[in-house]
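Protein chains in written order, with the numbering used here: chain A, 2 to 266; chain B, 29 to 308.
Just so you know, these hints were derived from the structure itself, not from any lab.
It is possible that some hints are incorrect.
Unchecked claim - What follows is a list of derived Cβ distance ranges for each label pair:
id, chain 1, residue 1, chain 2, residue 2, range
1, A, Val116, B, Ala148, 54 to 64 Å
2, A, Pro120, B, Ala148, 54 to 64 Å
3, A, Glu108, B, Gly112, 48 to 58 Å
What the hints assert, rightly or not - Dumping the calculated SDA-like pairs for lysine to any residue here, alpha-carbon to alpha-carbon at most 25 Å:
id, chain 1, residue 1, chain 2, residue 2
4, B, Lys172, A, Lys63
5, B, Lys147, A, Trp250
6, B, Lys146, A, Ala173
7, B, Lys172, A, Thr223
8, B, Lys146, A, Asn155
9, B, Lys104, A, Gly168
10, B, Lys191, A, Thr170
11, B, Lys146, A, Arg12
12, B, Lys172, A, Gly168
13, B, Lys172, A, Ser221
14, B, Lys146, A, Trp250
15, B, Lys191, A, Glu154
16, B, Lys172, B, Arg111
17, B, Lys211, A, Ile161
18, B, Lys147, A, Glu154
19, B, Lys172, A, Leu77
20, B, Lys147, A, Gln171
21, B, Lys191, A, Thr256
22, B, Lys172, A, Asn155
23, B, Lys191, A, Gln211
24, B, Lys172, A, Arg159
25, B, Lys172, A, Val156
26, B, Lys147, A, Leu77
27, B, Lys172, A, Pro114
28, B, Lys191, A, Asn155
29, B, Lys172, A, Gly252
30, B, Lys146, A, Gly252
31, A, Lys63, A, Ile84
32, B, Lys191, A, Leu24
33, B, Lys191, B, Ala206
34, B, Lys147, A, Lys63
35, B, Lys104, A, Arg159
36, B, Lys147, A, Thr170
37, B, Lys211, B, Arg253
38, B, Lys146, A, Leu37
39, B, Lys147, A, Pro181
40, B, Lys147, A, Ser129
Quick caveat, the model's predicted, so the values are computed rather than measured.
We treat Cβ as the ideally placed atom computed from N, Cα and C, and that holds for glycine.
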Amino acid sequence: MESSTETGIVRWVLRIASIAVCLLIWQTASTLRLNLGLVTFVNVPPPTEVFQAALDFVQSSKAYDHVTSSLQRVGLGYVIASIVGIALGLAIGRSRHAADVLLPPLEILRPIPAVAWIPLAVLLFPSSEASMIYITFIGALFPILLNTIHGVENVDPRLIASAKSLGGTQSAILREVILPGAAPSIVTGLAIGMGTSWFCLVTAEMISGQFGIGYYTWESYTIQNYADIIVGMILIGFLGMGSSALLRWIGATLTPWHTVGSARR
Amino acid sequence: MSGRERLAKPDLGRIDAEHVSIRLGQGEHAFEAVQDVSFAIDPGELVCLIGPSGCGKSTLLGALAGHIAPSGGVLKVDGSSVRGPHPERGIVFQHHTLFPWKTARENVAFGPKMRGVKKAERRRQAGEILDLVGLSDFSDRYPKQLSGGMQQRVEIARVLVNKPRLLLMDEPFGALDALTRMKMQELLLDIWTRVRTTVVFVTHDIDEALFLADRIIVMTPRPGRILEVIRVPFERPRPAEIVATPEFGQLKRHCLELLHVRSYGDPLPRLSPLGGTADA
Chain A
2 MESSTETGIV RWVLRIASIA VCLLIWQTAS TLRLNLGLVT FVNVPPPTEV
52 FQAALDFVQS SKAYDHVTSS LQRVGLGYVI ASIVGIALGL AIGRSRHAAD
102 VLLPPLEILR PIPAVAWIPL AVLLFPSSEA SMIYITFIGA LFPILLNTIH
152 GVENVDPRLI ASAKSLGGTQ SAILREVILP GAAPSIVTGL AIGMGTSWFC
202 LVTAEMISGQ FGIGYYTWES YTIQNYADII VGMILIGFLG MGSSALLRWI
252 GATLTPWHTV GSARR
Chain B
29 MSGRERLAKP DLGRIDAEHV SIRLGQGEHA FEAVQDVSFA IDPGELVCLI
79 GPSGCGKSTL LGALAGHIAP SGGVLKVDGS SVRGPHPERG IVFQHHTLFP
129 WKTARENVAF GPKMRGVKKA ERRRQAGEIL DLVGLSDFSD RYPKQLSGGM
179 QQRVEIARVL VNKPRLLLMD EPFGALDALT RMKMQELLLD IWTRVRTTVV
229 FVTHDIDEAL FLADRIIVMT PRPGRILEVI RVPFERPRPA EIVATPEFGQ
279 LKRHCLELLH VRSYGDPLPR LSPLGGTADA
């Protein structure tokens, strides 16, 4: 039988090989200018070219500003979405009245894609910065909200009854029972919301601006700099993946009971 | 005054049930789970409620805990009627309801925390009670790191730390294996001799009831009414061997007859002390 470290190494080799194969296929397809009819690689820059563009981007003076302005927008929109999403989710999950009052408008807003929000976001907010933050906020809000509601509704009613029997007041039960009980689901929502917030970044930064990875990607498209588009795309992919992983890690450290191995079974 | 003596409240914990009826369910599904039940339990007494599944014994227990309101009659503890759940009327369920995100010690300290007891003091109180149930070595474990018997012991400790007048137990050992169940019964009697609280213990296990109780209240199938109240004459402390004595066998036969004569048709679903018709 393999030891666990060996299995770990094998799994990592597989993961890296998977990405390598993807790159190889892309390289071959674009150097051969493969035309499959339905999909054509004629105008797609190969990974080597993208890699060069990425190097140029990193060395350029604007790289830092692009990344920090995007991080700021996503960060702010996301934090506001977390606070609003969790607060609304707790209220809706706990009270039928809150659900009746709050849920119908939210359900109508939910299917609206971020792109469709652009004109209204511009009209609603005094600065384009605020409009962009609003778009990333809308992107993150619904996964956080829905997972919070789901988590709250699934807290074992027997735990709530026990807490009442032990002298818990409404606010203590919310803090000591509902919130930790719903925490694993909330963490899932936060991780998904982090992804969707990045997902909406390009949309948000289409509004205007000088800086931002989304803006950089969009600008590269308008000036037909294809390699740079892909650099922007990959950068968003990495930042989104990294921040989701960071969140899962924070979530796991905040919910240790959820991850402890059971010593007995 | 030692900590254990302070837990004793021999003059409090009297229960008076006067013509108590309880209706469960909504609209056309509503039914009478408990019908015109009257009894009195003395402070410090250990009384078992037995009866066929679905007879309303857990419902009655839930009403004593304050989770279900009677539809008729009065339910009084020490002269005042029961209104809502209260730490003085602690309840232990068949399946533990420990908070998975709290360690055994933090679970037990929950009651004191709700009363505003300072952290160091509530940790000390929790440690003391965990010691009483023999779990001082496991106080920093999470519930899922404990065996079923240990989980129930923490659950009992969490209720006892509030120095309750009533300890209400809904088939607390029903989900445990036979050996663990016997040990838990002995442990309960041991705790009860040290912490003289009134215990109302719901079970459908006649052996368990005869081993534990001062008195057994036998209930009829739905709607639950009192069929007979049996005084259990065995002296305490009771060794586990009493189950093999002829007197024990005689009483057991009597109980079996009471339950068999009265049970007809298919068994009903178990009722929950929280008012539902099914338990988790």
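Hints versus structure:
{"no.": "1", "hint": "A:Val116 with B:Ala148: 54 to 64 Å", "in the structure": "holds, 57 Å"}
{"no.": "2", "hint": "A:Pro120 with B:Ala148: 54 to 64 Å", "in the structure": "holds, 59 Å"}
{"no.": "3", "hint": "A:Glu108 with B:Gly112: 48 to 58 Å", "in the structure": "violated, 35 Å"}
{"no.": "4", "hint": "B:Lys172 with A:Lys63", "in the structure": "violated, 52 Å"}
{"no.": "5", "hint": "B:Lys147 with A:Trp250", "in the structure": "violated, 29 Å"}
{"no.": "6", "hint": "B:Lys146 with A:Ala173", "in the structure": "holds, 16 Å"}
{"no.": "7", "hint": "B:Lys172 with A:Thr223", "in the structure": "violated, 57 Å"}
{"no.": "8", "hint": "B:Lys146 with A:Asn155", "in the structure": "violated, 31 Å"}
{"no.": "9", "hint": "B:Lys104 with A:Gly168", "in the structure": "holds, 19 Å"}
{"no.": "10", "hint": "B:Lys191 with A:Thr170", "in the structure": "holds, 19 Å"}
{"no.": "11", "hint": "B:Lys146 with A:Arg12", "in the structure": "violated, 49 Å"}
{"no.": "12", "hint": "B:Lys172 with A:Gly168", "in the structure": "holds, 24 Å"}
{"no.": "13", "hint": "B:Lys172 with A:Ser221", "in the structure": "violated, 54 Å"}
{"no.": "14", "hint": "B:Lys146 with A:Trp250", "in the structure": "violated, 32 Å"}
{"no.": "15", "hint": "B:Lys191 with A:Glu154", "in the structure": "violated, 32 Å"}
{"no.": "16", "hint": "B:Lys172 with B:Arg111", "in the structure": "violated, 33 Å"}
{"no.": "17", "hint": "B:Lys211 with A:Ile161", "in the structure": "violated, 29 Å"}
{"no.": "18", "hint": "B:Lys147 with A:Glu154", "in the structure": "violated, 30 Å"}
{"no.": "19", "hint": "B:Lys172 with A:Leu77", "in the structure": "violated, 38 Å"}
{"no.": "20", "hint": "B:Lys147 with A:Gln171", "in the structure": "holds, 21 Å"}
{"no.": "21", "hint": "B:Lys191 with A:Thr256", "in the structure": "violated, 31 Å"}
{"no.": "22", "hint": "B:Lys172 with A:Asn155", "in the structure": "holds, 18 Å"}
{"no.": "23", "hint": "B:Lys191 with A:Gln211", "in the structure": "violated, 67 Å"}
{"no.": "24", "hint": "B:Lys172 with A:Arg159", "in the structure": "holds, 17 Å"}
{"no.": "25", "hint": "B:Lys172 with A:Val156", "in the structure": "holds, 17 Å"}
{"no.": "26", "hint": "B:Lys147 with A:Leu77", "in the structure": "violated, 36 Å"}
{"no.": "27", "hint": "B:Lys172 with A:Pro114", "in the structure": "violated, 42 Å"}
{"no.": "28", "hint": "B:Lys191 with A:Asn155", "in the structure": "violated, 31 Å"}
{"no.": "29", "hint": "B:Lys172 with A:Gly252", "in the structure": "holds, 19 Å"}
{"no.": "30", "hint": "B:Lys146 with A:Gly252", "in the structure": "violated, 28 Å"}
{"no.": "31", "hint": "A:Lys63 with A:Ile84", "in the structure": "violated, 32 Å"}
{"no.": "32", "hint": "B:Lys191 with A:Leu24", "in the structure": "violated, 68 Å"}
{"no.": "33", "hint": "B:Lys191 with B:Ala206", "in the structure": "violated, 29 Å"}
{"no.": "34", "hint": "B:Lys147 with A:Lys63", "in the structure": "violated, 53 Å"}
{"no.": "35", "hint": "B:Lys104 with A:Arg159", "in the structure": "holds, 24 Å"}
{"no.": "36", "hint": "B:Lys147 with A:Thr170", "in the structure": "holds, 18 Å"}
{"no.": "37", "hint": "B:Lys211 with B:Arg253", "in the structure": "violated, 31 Å"}
{"no.": "38", "hint": "B:Lys146 with A:Leu37", "in the structure": "violated, 72 Å"}
{"no.": "39", "hint": "B:Lys147 with A:Pro181", "in the structure": "holds, 20 Å"}
{"no.": "40", "hint": "B:Lys147 with A:Ser129", "in the structure": "violated, 49 Å"}
Hint compliance for this structure: hints 3, 4, 5, 7, 8, 11, 13, 14, 15, 16, 17, 18, 19, 21, 23, 26, 27, 28, 30, 31, 32, 33, 34, 37, 38, 40 are not met, and every other hint is.
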